[in-house]
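**Q** This is what each chain is made of:
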Amino acid sequence: MLEKDVLVIGAGPAGLAASIEAGKYGASVLLVDLNMQPGGQLFKQIHKFFGSSAHRSGTRGYDIGKQLLKEAEESDVEIWMQSTVIGIFPGNKIAIEKGLDSGEKEMVTMQAKKIIIATGASENAIRFKGWTTPGVMGAGAAQTMINVNHVKPGQKIVMLGTGNVGLIVSYQLMQAGCDVVSLIEAAPKIGGYAVHAAKIRRAGVPIRLQHTIIEAKKGADGCVCGCVIAQVDEHFQPIPGTEETIACDTIALAAGLKPTMDLVKLAGCKLTFNGPFGGYIPLHNERMETSCEGVFVAGDTTGVEEANTALEEGKIAGISAAEDLGLLTADAASDKRAEIWDRLHSLRLGPFGERRMIEKEVVMDEYKERIGTPSPIQ
Amino acid sequence: MCLRVDHHVILDCTHVGDEVEITVDGKVIKAYEGEPILAAILNAGIKINRYTVKRKEPRGLFCGIGQCTDCAMVVDGKANVRTCITPVKAGMVIKTQDGLAKGE
Ligand SMILES: Cc1cc2nc3c(=O)[nH]c(=O)nc-3n(C[C@H](O)[C@H](O)[C@H](O)COP(=O)(O)OP(=O)(O)OC[C@H]3O[C@@H](n4cnc5c(N)ncnc54)[C@H](O)[C@@H]3O)c2cc1C
Ligand code: FES
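First to last, the sequence lines map onto chains P and Z. The first sequence begins at 7 in this note's numbering and counts up one residue at a time. The second sequence begins at 102 in this note's numbering and counts up one residue at a time.
Straight-line Cα separation of at most 27 Å, BS3-like style, residue types lysine-lysine; simulated pairs: (1) P/Lys-104 to Z/Lys-179; (2) P/Lys-72 to Z/Lys-190; (3) Z/Lys-155 to P/Lys-135; (4) P/Lys-104 to Z/Lys-190.
Just so you know, the hints here were simulated from the structure itself, not pulled from any lab data.
Given the sequences, and given the hints that come with them, work out the whole structure.
**A** See below:
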């Protein structure tokens, strides 16, 4: 059976950083991702990041992605793309559906001394009449199509949701040459940053506050040909008589993300519910270790945030794995972690960040109370 | 209909793969080797990838990153292939998937 010191699942910023870090101290690392290219969500982020220069502000996500890939190549990390982890068993045995060059898949079982789960997040759906009609999709799906695959998801787009993802993706759709007809938001105010909203407004695109989509209209071809919107009351209920129909071929849903928990659950990690982080998340300590001994987590899987925090958490997970493998002394490892925690604290500032910093503390306190010391996968 | 993004203020949209031909439900379309099958067929104006098992409802691109399976099609005789994370190869034969389609 194939054996590795560390298996990292997910090649987004968290998984890449974890792999590079563990590899740097001499661990043999296998990095597995189900997508075609490594980088996770990074390569669709073509906007400049906020924050201090220590956190690569002014840098675009895809440049961070390129840098990480270069570092991963220079270290000895083995990368399997188009490969999906489908099982985690006692004794740290892992089942992987490995993608071969021929396009075929092969089942591989392997054993890893340490496992780092960095599987990211998935988009929330919103259910209205006709929401499964082709042409209704996640805002991230539309973003992936234009920024990574360079094909427009459609010509005329209606965006539901005005958080940062809704605003940024709307702007990026315009940059790609799509006609963004309108943004629809149920709340009485825009959810994301004012700078992003200003770009949309300058382009003359209406943002309809206190409105929601109640129906996707299906054309003769079976695909979206428009949507019906309506004003909502203070309980977010549509007000009869306020319906309007907007012609469009694409409806993009930007209703937030939730952590991808399948593998964390399979491993039997203890969970907690945390609203600000997007739902159920694994309890973990300041070493990013879960309730399962030798199973670490990082990035959106531990609560939805952004690329820079994912990257820093990934580094912590890599360092902790290397420490437990005896490749780093306890002192050296905790010094390195302290440095990273400092950076994470400064990343988690501002109106959105501060809340997450507090919630992180809550999660780690709950770990201390409920778990204390981790035990092997059952 | 062409949905390719050709000119972009930030991105370089030149294709790395060769231009090749693939067949979708008997129709020959152009694609770039290595791009997701879904991107090529969307560019050709095809938005329906499969029909559901019971109600025969159409489904198409929903997540774009291999999570939802709405983009599953029959590729070279193999059913349930997620086209958003499967790269194009020259000469591929692709079919709209009906229900669970057993493949061939
Ligand atoms: C669609 C989408 C769009 C986003 N857009 C933005 C944006 O514009 N700006 C922004 O700041 N943030 C954005 N985010 C937030 C984003 O989640 C973070 O910026 C960052 O990418 C999180 O990094 P990560 O490494 O935790 O996860 P990801 O980057 O999501 O990487 C996780 C990886 O794990 C892989 N994976 C999952 N399950 C398995 C499995 N079982 N086996 C193998 N591999 C698996 C996935 O294929 C994926 O590549 C977006 C998130 C999503 C989901
Ligand atoms: S669109 Fe969701 S798996 Fe392909």
